[in-house]
Amino acid sequence: MARKLNLRIWRGDSTDGGLKDVQVDVNEGEVVLDVIHRVQATQMGDLAVRWNCKAGKCGSCSMEINGKPRLACMTQVASFGEDETITVTPLRAFPVIKDLVTDVSFNYKKAMEIPAYEPPKELAPGEARMEQIDVERSQEFRKCIECFLCQDTCHVIRDHEENKKSFAGPRFFIRIAELDMHPLDMLKNRKRTAQEEHGLGMCNITKCCTEVCPEHIKITDNAIIPMKERVVDIKYDPARMFAGLLKREKRS
Amino acid sequence: MTSSVTLERHKYDVLIIGAGGAGLRAAVEAREAGLSVAIICKSLFGKAHTVMAEGGAAASMGNVNDNDSWMVHFRDTMRGGKFLNHYRMAELHAKEAPDRIWELEMWGALFDRTKEGKISQRNFGGHEYPRLAHVGDRTGLEIIRTMQQKIVQLQQKDGREFGDMEAKIKVFAECTITEILKENGKISGAYGYWRESGAEVLFEAPAVVIATGGVGKTFKITSNSWEGTGDGHALALKAGANLVDMEFLQFHPTGMVWPPSVRGILVTESVRGEGGILTNSDGERFMFKYIPDVFKDKYADNEAEADRWYEDQDNNRRPPELLPRDEVARAINTEVKAGRGTEHGGVFLDVSKRIPAEVIKKRLPSMWHQFYELAGVDITKEAMEVGPTCHYVMGGVEVDPDSAAAIGVPGLFAAGEVAGGMHGSNRLGGNSLTDLLVFGRRAGAGAAEYVKSSGANPVSDAAIKSAADRIEAPFSRAGGENSYSLHAELQEVTHNLVGIIRTRVEIEKAIEMIADIRTRSKNVAVSGGRKFNPGFHLAFDLDNMLLVAESTAKSALLREESRGGHTREDFPGMNPTWRQLNQIASFDGDKVNIKSQALPAIRKELFDLFDIHELEKYMTPEEIAKGGSN
Chain A
1 MARKLNLRIW RGDSTDGGLK DVQVDVNEGE VVLDVIHRVQ ATQMGDLAVR
51 WNCKAGKCGS CSMEINGKPR LACMTQVASF GEDETITVTP LRAFPVIKDL
101 VTDVSFNYKK AMEIPAYEPP KELAPGEARM EQIDVERSQE FRKCIECFLC
151 QDTCHVIRDH EENKKSFAGP RFFIRIAELD MHPLDMLKNR KRTAQEEHGL
201 GMCNITKCCT EVCPEHIKIT DNAIIPMKER VVDIKYDPAR MFAGLLKREK
251 RS
Chain B
1 MTSSVTLERH KYDVLIIGAG GAGLRAAVEA REAGLSVAII CKSLFGKAHT
51 VMAEGGAAAS MGNVNDNDSW MVHFRDTMRG GKFLNHYRMA ELHAKEAPDR
101 IWELEMWGAL FDRTKEGKIS QRNFGGHEYP RLAHVGDRTG LEIIRTMQQK
151 IVQLQQKDGR EFGDMEAKIK VFAECTITEI LKENGKISGA YGYWRESGAE
201 VLFEAPAVVI ATGGVGKTFK ITSNSWEGTG DGHALALKAG ANLVDMEFLQ
251 FHPTGMVWPP SVRGILVTES VRGEGGILTN SDGERFMFKY IPDVFKDKYA
301 DNEAEADRWY EDQDNNRRPP ELLPRDEVAR AINTEVKAGR GTEHGGVFLD
351 VSKRIPAEVI KKRLPSMWHQ FYELAGVDIT KEAMEVGPTC HYVMGGVEVD
401 PDSAAAIGVP GLFAAGEVAG GMHGSNRLGG NSLTDLLVFG RRAGAGAAEY
451 VKSSGANPVS DAAIKSAADR IEAPFSRAGG ENSYSLHAEL QEVTHNLVGI
501 IRTRVEIEKA IEMIADIRTR SKNVAVSGGR KFNPGFHLAF DLDNMLLVAE
551 STAKSALLRE ESRGGHTRED FPGMNPTWRQ LNQIASFDGD KVNIKSQALP
601 AIRKELFDLF DIHELEKYMT PEEIAKGGSN
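Quick mapping for you: the protein sequence lines, in order, are chains A and B.
Count the first sequence with full-length UniProt numbering and you get residues 1 to 252, in order.
Count the second sequence with full-length UniProt numbering and you get residues 1 to 630, in order.
FYI, nobody ran anything at the bench for these hints, they're computed from the structure.
Just to be clear, a hint being listed does not mean it is correct.
Calculated pairs, DSSO-like style, for lysine-lysine (alpha carbon to alpha carbon, straight line, at most 30 Å) [unchecked claim]: (1) Lys11/B / Lys109/A; (2) Lys164/A / Lys337/B; (3) Lys531/B / Lys164/A; (4) Lys157/B / Lys110/A; (5) Lys165/A / Lys170/B.
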């Protein structure tokens with residue numbers, strides 16, 4: 001049953017590294033993470049790889065497989081040709097720590113910058129009433145397993161290190177959208193801060209993030225585009241502009 | 001080797017080991033009590049095993065059936081655990097679970113709704129009424145994200161107050177604790193290393209909350225992630241705490257069985273809650289044959305009644321697919337052993353015949369994906385192949401129910417799966433998520449109270465040196481044992497000899513083999529350097545798993561009865577005398593020792609919640625005559 005697979009693994013750290021070729025047994029039904037584990041147990045005891053659940057639920061084993069951002073636990077070896085060499089490399093948008101492990105702390109910093117959920121003041125625990133249809137919009141985004149594949153593939157982050165400071169990335173745009181569409185959240189102006197503080201305007205909706213999402217969240221269509229449209233409405237709404245003008249007049 | 005001068009040091013009031021549901025809930029509680037808190041996790045933040053919890057969180061809110069109450073929930077929990085539960089834990093859990101769920105909603109959680117807009121609740125094995133708050137089949141993820149974001153909220157508040165978001169609550173991700181430190185008999189902190197760099201780190205704190213989850217990786221076929229290596233169980237043992245009832249392991253009846261790569265991955269009980277039925281290779285719906293006497297009045301003994309139950313729960317008994325997990329797992333095991341299994345050694349679980357495809361995809365979305373992407377099976381059209389998988393450990397650190405304080409070690413607390421007692425000999429599905437919340441909160445409060453009354457307890461240089469020496473050791477050995485091979489050997493031993501069905505001869509053999517692996521593990525050598533080196537990491541995880549396996553095997557040998565997650569082929573059936581006894585494991589520095597200890601007698605008003613005829617099935621005539629304590 002077992003056959004030999006040619007696997008090419010990037011090994012190294014922030015100072016130096018390169019692709020190493022190995023041959024490894026592969027059995028029916030195995031995913032790329034299985035063969036990486038076999039290499040680890042039999043040939044390279046110190047091969048660094050992140051993983052947790054091996055069931056596509058935790059989003060830890062993100063890497064690039066033949067150049068595409070993917071979860072190694074959800075990528076069947078059989079989805080490649082029998083003679084094809086499979087190449088595994090670390091996420092390119094983040095600094096390498098060792099082998100297939102990268103420093104994803106950028107994402108955790110951004111997570112801390114998104115203003116938290118603000119509950120209604122008068123609502124007692126147990127009294128909330130929401131319609132299923134109203135919670136479903138946010139629920140789609142709350143499915144996110146934080147694999148950061150969308151962040152990795154987003155060219156705003158991937159190709160421009162300097163953007164990282166002012167750009168939160170697709171994962172955090174859906175976080176903002178999720179709160180913005182939350183039936184109970186009381187914080188105002190989430191869309192505007194998305195635009196002004198988290199770099200929503202830098203996204204030019206190429207939908208790369210949506211394509212790599214293992215949870216099939218429609219990041220671009222359901223979160224980013226609706227927010228962008230609303231931002232435009234708010235900014236260029238003639239009624240609001242007129243009201244703003246009145247306010248300024250009153251102040252003066 | 002790190003010298004004590006260059007060693008990275010941190011000081012906190014409360015140190016929380018583990019960032020799953022229990023750890024995060026404890027962190028929130030301790031921070032809101034005004035203390036500084038460090039949260040340590042082995043993985044990245046937000047990857048804890050809690051995210052794998054699918055079905056839901058059990059709480060008697062009564063949103064779907066208003067006959068539900070904490071008393072009914074308490075009764076179900078005690079029955080599920082075959083009355084070996086610590087009654088006080090089951091009581092606190094049943095009483096406080098609804099508040100913990102509503103509290104999550106106030107923190108932003110978005111549970112599925114009923115038509116009236118309340119939190120929806122679904123049926124689950126062993127629960128008399130629809131009781132599980134849920135979000136599709138990803139409830140654990142919702143709970144973790146909600147608490148992760150609650151912690152960010154607290155950090156943003158601290159940021160406004162102290163100018164530093166991490167001033168009072170900080171997450172130390174990818175950090176492994178190897179030792180819990182004590183001075184003068186009390187907790188003083190913990191020692192460990194950064195997984196990323198291998199550098200060592202000291203946390204000084206007068207209170208430590210262990211919330212490290214389970215032990216599944218001790219077994220070959222498990223639904224647990226790599227983190228379930230019993231770290232907290234072992235750390236607590238070595239710090240002088242006890243483990244209670246480690247023989248009780250829950251084998252979830254439905255894990256995937258094919259292809260081999262996915263063997264063990266969980267198939268949520270919601271599949272059965274939503275109407276999935278179990279059949280063998282003869283096409284027989286076999287669960288009707290396996291309804292034990294104690295449950296005969298609650299479960300349908302024919303298909304017609306079982307089917308009617310989905311529409312009319314007041315006038316029909318439940319389908320036997322929804323028996324507690326231990327019963328279903330044993331039944332599947334028996335069917336397969338009798339030659340009525342599937343091609344790959346499981347049985348069939350089918351939801352496609354009862355529920356329309358679009359409803360399956362909506363209610364069980366991640367199950368649909370899991371089977372479609374990993375097994376090539378479309379569950380809206382075909383049956384799944386399933387079999388038992390090691391899922392949960394009922395045994396754990398012996399704690400005081402109200403404060404979650406570990407018995408015998410001042411300053412040490414434990415909550416969640418790592419704590420023992422709550423679930424008795426078998427846990428009901430859905431009771432784990434609310435266990436995390438109820439006792440996580442209590443542990444945070446217990447730790448906060450302890451710190452306020454006890455003050456700092458500095459760590460000595462001697463303690464640091466001994467902890468540091470242990471971390472260095474595997475690098476100084478050349479040509480020793482391979483930790484990956486030893487781990488695989490241990491998993492074979494536990495799976496084959498202390499698995500679902502046990503006998504004296506096999507357990508004795510297991511104890512011998514575990515001791516042998518432990519001796520060889522003292523000679524584990526690590527290749528490569530300290531930087532993110534999984535071989536090095538596994539060396540420490542392996543130590544923990546070995547202590548856990550030894551505790552389980554030795555407890556299993558002594559308990560000469562079958563109850564819940566402990567089945568002895570040579571002692572079938574429950575023994576009321578054994579029901580009165582907990583088995584307490586302790587560590588003498590060399591080996592694990594087990595002693596029996598009387599189970600706390602149930603309080604009279606809780607005793608009175610049960611029909612006396614039901615209690616007669618579990619208790620001795622003397623206990624019945626006594627009618628509970630005091």
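Tested hints:
1. Lys11/B / Lys109/A: Cα-Cα ~22 Å, so holds.
2. Lys164/A / Lys337/B: 58 Å, violated
3. Lys531/B / Lys164/A: 26 Å, holds
4. Lys157/B / Lys110/A: 16 Å, holds
5. Lys165/A / Lys170/B: 22 Å, holds
Of the hints listed earlier, the one the structure fails to meet is number 2.
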